[in-house]
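Protein chains in written order, with this note's numbering: chain A, 1 to 254; chain B, 1001 to 1254; chain C, 2001 to 2229; chain D, 3001 to 3229; chain E, 4001 to 4302.
These are calculated hints, taken from the structure and not from any lab test.
Hints are not guaranteed to be accurate.
[Stated by the list, open to error] Taking CB as the label site, the calculated pair distances span:
| no. | chain 1 | residue 1 | chain 2 | residue 2 | range |
| --- | --- | --- | --- | --- | --- |
| 1 | C | GLN2016 | A | GLN35 | 31 to 39 Å |
| 2 | B | SER1077 | D | ALA3097 | 20 to 28 Å |
| 3 | C | GLU2116 | D | GLY3192 | 36 to 44 Å |
| 4 | B | LEU1055 | E | GLU4265 | 40 to 48 Å |
| 5 | E | ALA4250 | B | LEU1024 | 52 to 60 Å |
| 6 | B | PRO1163 | D | PRO3205 | 42 to 50 Å |
[Unchecked claim] Here are a few chain B residues that sit away from chain A, every Cβ distance over 12 Å (derived from the structure):
| no. | residue |
| --- | --- |
| 7 | ALA1021 |
| 8 | GLN1050 |
| 9 | TRP1053 |
| 10 | LEU1074 |
| 11 | GLY1145 |
| 12 | ARG1147 |
| 13 | ARG1169 |
| 14 | HIS1170 |
| 15 | PHE1179 |
| 16 | ASN1205 |
| 17 | ALA1227 |
Here a beta-carbon is modelled for each residue, glycine too, at the ideal position from N, C-alpha and C.
So you can see what is in the structure, the chains are spelled out below.
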Amino acid sequence: MRADTSGSGARGALWPLFSLALLLVLWTGAAAWLQSDLLPGPGAVWQAFQREWQLGYLEDMLATLARVGAAFALAMSIGAALGIWLGMTPAADRLLWSWVIFFLNVPALVTIVLCYVWFGLTETAAVLAVAINKIPNVAATLREGARALSTDLAEMARLYRMPAIALLRHVVLPQLAPFFAAAARNGLALVWKIVLVVELLGRPNGVGFEIHSQFQLFDVAGIFAYALGFIAIVQAIEWLILAPWERAARRWRR
Amino acid sequence: MRADTSGSGARGALWPLFSLALLLVLWTGAAAWLQSDLLPGPGAVWQAFQREWQLGYLEDMLATLARVGAAFALAMSIGAALGIWLGMTPAADRLLWSWVIFFLNVPALVTIVLCYVWFGLTETAAVLAVAINKIPNVAATLREGARALSTDLAEMARLYRMPAIALLRHVVLPQLAPFFAAAARNGLALVWKIVLVVELLGRPNGVGFEIHSQFQLFDVAGIFAYALGFIAIVQAIEWLILAPWERAARRWRR
Amino acid sequence: MTGLMVSLAGKSFAGQAVLGHISFTLDAGERACLLGPSGIGKSTLLNLVAGFDTDYQGTITPPHGRLAMVFQSPRLLPWRTLAQNIALIPGAPDLAAARTLLAEAGLAEAADQYPEKVSLGMQRRAALCRALAVDPALILLDEPLVSLDPATAEQMRQLLRRTLDVTGATALMTTHDRREALALADRILEIGGSPATLVRDRPSPLSRAERLDPDKVETAYKALFKHPD
Amino acid sequence: MTGLMVSLAGKSFAGQAVLGHISFTLDAGERACLLGPSGIGKSTLLNLVAGFDTDYQGTITPPHGRLAMVFQSPRLLPWRTLAQNIALIPGAPDLAAARTLLAEAGLAEAADQYPEKVSLGMQRRAALCRALAVDPALILLDEPLVSLDPATAEQMRQLLRRTLDVTGATALMTTHDRREALALADRILEIGGSPATLVRDRPSPLSRAERLDPDKVETAYKALFKHPD
Amino acid sequence: LPVLKIAVLKFGTVNWLMETITANGFDTANGFTLETVPLAGGAATSVAFQSGDVDMIVKDWVWALYQRDKGVPIEFVPYSNTLGALMAREGVETICDLKGQSVGVVGGETDKSWLILQALATKDCGFDLSEETKVLTGAPPLMSQQLETGAVQAVSTYWHFAAKLRAAGMPEVMGVGEAMTQLGIDPAPPMIGFVWDADRLDADLAGAMLRAAEAGRETLSDDAAWEPLRPMMRVKSDAEFAALRDAFQAGRPGPWTQANTDAAEKLYNLLTDLGGAGFKAEAGPFTPAIFNDPTAASADAG
Ligand SMILES: Nc1ncnc2c1ncn2[C@@H]1O[C@H](COP(=O)(O)OP(=O)(O)OP(=O)(O)O)[C@@H](O)[C@H]1O
Ligand SMILES: Nc1ncnc2c1ncn2[C@@H]1O[C@H](COP(=O)(O)OP(=O)(O)OP(=O)(O)O)[C@@H](O)[C@H]1O
Ligand SMILES: [Mg+2]
Ligand SMILES: [Mg+2]
């Protein structure tokens, strides 16, 4: 009933490669069949990539990654703390849950623009805008996790007077692992997407800036070159960091 | 250790009202203190609302709600089915999980533009673009839930030869309730945010279109008038539908 | 027709052998008790018979027809009431009949309560009722009467005997209570050693009628289990 | 100094009275057994003493110092090994000492295994070790020796006695096994009725030394619990 | 030297002019340092302006009127005369041929160019464009692509997208300037210009910028000056390059005259009639005050 994401060890590591190769084949086939600028094949994207590489691809990607990283770290830590607190404290939940729902549904444009006009067109404003967008999502996910915590284990921890830190580390967080995994994966994707908008609205560099410029020129191959670059990095994070972490975190299951 | 979202019955229903009223007071205070067009107070927003109401606020809101509703229904059903399948079927997970990660990180702009150019500037294209953006998020959340399903109960269901439908209804879905709740809340917010972009890029009406027009004029009060309208609807959904449903779904807990 | 054929050559977890050679055959309708120290592999063996785990050497042939099992922990669905937990099983009777069955187990008032809101002993009784409700060909019972006071345990033993008489199901059951084994089983299997093998396979000295008398059970207990184990 | 003072006037769940008047006082170091049919309210009473639930009438005064409890289900952290489950409790000894303690309970090889990968009886023993590890002033035991074979149960009883002797902790324990009650307790409390009240409160006829002899226990069992209950 | 910051689209036409100015040192020659902030979208430039991070952007005067109405002392000086155009596929010769066709509109259904084309159709062809055509709205690049694939028969779009379409061989039905003239708004007033907040930007510095811009435009009227810009224009073909260059050169504005002000007011009234409440909500009341070119004054003084 449960998936052991990949087979054991080295053999398991081949699956994502195979799976992505299959996707590549499908894409190549579809592109060759359509013969349209609107679905460029791998060749065209590779050319666009090389062209953009000359024009500062790396700098843009690094600028974006820095923003994504900072905003992700900020949103995950604050959002998780908020969500767990609300999930475990009925009084706080009654008072603040409406607020989270509120900020969850504030359009990204509004937060971004307000951050920019209040804090100026700075990196801080950009990262802050993304984090503010993302915090309610993380909080909403982890609140659900905290509300589903085992009462049995909570009572056990209380009886044995476990201090807050130990409670969090040994009792709460392991139960929240699936919620963290969901929040982290969705979070990274969402942060990246909002960073693109943030860059579009007020940064002179970054992948979002480039993608939108490519869009103005309607150069789909160029857009793909940037999008695929980031996706490659996320895939690497997934298979080199998240998947092994999850395997370790699930070792105790029978 | 667990929150009973609201007190019992009628008294509990007052909490969100109180909480939102408090937010309103804070907002009024901040607006009065800042005295800036960039943080309009409730009065200014109310005026903007009345002005926009004359100009077809309701039609725009209804158009957007229809898109949000359709895309949400599509994304939740397909995404949940996909996520549960991947979470419960290791073979499918090995083959397709990379793909989900892939599509999870495709920038919204790319999907939206490709949908529009392939399917034309139609409602179908718009709803499809939003759904495609959201499906991987729902799938990623529910996959985590499905991977954390109880082996004990799965074995029990297998021994007693529960048919697939009954298994889903009595064993799987109740365990996934917190993941569904997280996916639904985040999903609604995300769908709404993407609909705004979709409307901006290729629809002649809707809140996204209007917000962008207000944005060109930098009329923050106008933007708030639209954003708050949607948030009010989401709050109503939360307190009239989701909260009672959750209370019922948690009745069995001690 | 045989009720269960076990011919196990070995079962290991992550390279660690837990079960060795264990072979026995139960006739249809036969009731066997499996004894053995804690952690020896009794539940593991029942799991193999139930078909949860196919990673073992040997063959296990359960009878045709339905299987039922009382797990060592109740494994009720916490989000369904006790009666629902029975009624939703394929082959089990409807809600009203489930309530009647629960009433026979002294759970009349708790029938519409959620599992987490009743005592563990009550959950265990409900789980036993669930297994008895489906008219199985083979019923596996992993310490079914644990956590029950003597009176309730006796009540449950009677319910179990009655159902087995009516359905003619084969039963394989584990327990640590030798008196209970004598009060229920036609045959007593003992496993031991590492990896565990079948160290003793004895028919009960008591007939089904004799077993109903506590004094006879006590006498047989002294005769069979005198040695300090 | 008293070990535990219970003066309960009533406890109900959702308007349904479960416990009525129950008053008793345990001296420091006294060991009491609580008997009563399944579902009567024994666990509920222990939960009140543990302080998990403050919604009751009456007063309950536990002694100063640490509390420990063996729950009716093991309540181990599934993502920590058995030894870690002990060592991470405040006041418990370190990992190495936890392994030694587990070895005394026959769990030497399983000390670094995760709970879901050992048998339920082994989990229960680990949970008992955890409670014994913290040097408590009051220890609550909810059917601690259930699901154990006679030999292992005897081994655990000895471990329990030894620890209580050393620490001088007060103990309140539930069981359905009257022989076990006689083998361990200074005092036997029985609750019954609906809502449940204290129907009998008897000192054990056996001294602590006498209890170690199975034959004396058997004799006392016949004397005290002759009537069919 | 004082610094003047201006936000531009990285691949937009304003950036070409700014590049020419800095490359030729027209900024320092006029006593200031020009700093361009390249951004990716039109919305981004207004955010930059509102947040106070830049002193000047390029916008249309209807927007300037709206800001004036809100009390912001916005000044407007034309940047270019170029206006959008109605581009079409083969078979659409005049605006009257649009009847029953699907038409792409950039900027939404209250877009100024589209309102003007509607007025012209009512006058010349006797039907209401918005009623008799199937209108699709969307982002400009998307619209160009829709026209090229034939999903729409015509598009009303911005001038540089029109120029690219022209280069791709799409016929132009008419420019919006031409449409204005036919509606009696003559000369067709420039729509976009440099805007700044008089409270924030010193008039002398603004004047220096405008002189530098004029010098840049002067330079760019020579085709040879365009070659260095070519890489940053990201053109797909020589034809596209030429089309963009030619359109830019043709749009070089003269000084703002009273005739311009009159035409602008006429246009404003027309748009108010056509666009109804929706348009009025996006524009303040008309005031000629925004067209006072501070450079003209300082030129008189000097
Ligand atoms: N959370 C709860 N909500 C409602 N009723 C409850 C709850 N917890 C226990 N009860 C009821 O209280 C009664 C006593 O339960 P308790 O668990 O204390 O029994 P017990 O004596 O420990 O039984 P056992 O020997 O089976 O463990 C039961 O009838 C049970 O249904
Ligand atoms: N999933 C698993 N992974 C590794 N080892 C396991 C697993 N399940 C059981 N074991 C080991 O197999 C042995 C037998 O376990 P089992 O649960 O069958 O014992 P048991 O005889 O039922 O004991 P009890 O009477 O305590 O229930 C134990 O030593 C246990 O550690
Ligand atoms: Mg077992
Ligand atoms: Mg109990």
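Are there hints from earlier that the structure breaks, and if so, what are their numbers? Numbers 1, 2, 3, 4, 6, 7, 11, 12, 15, 17, in rising order.
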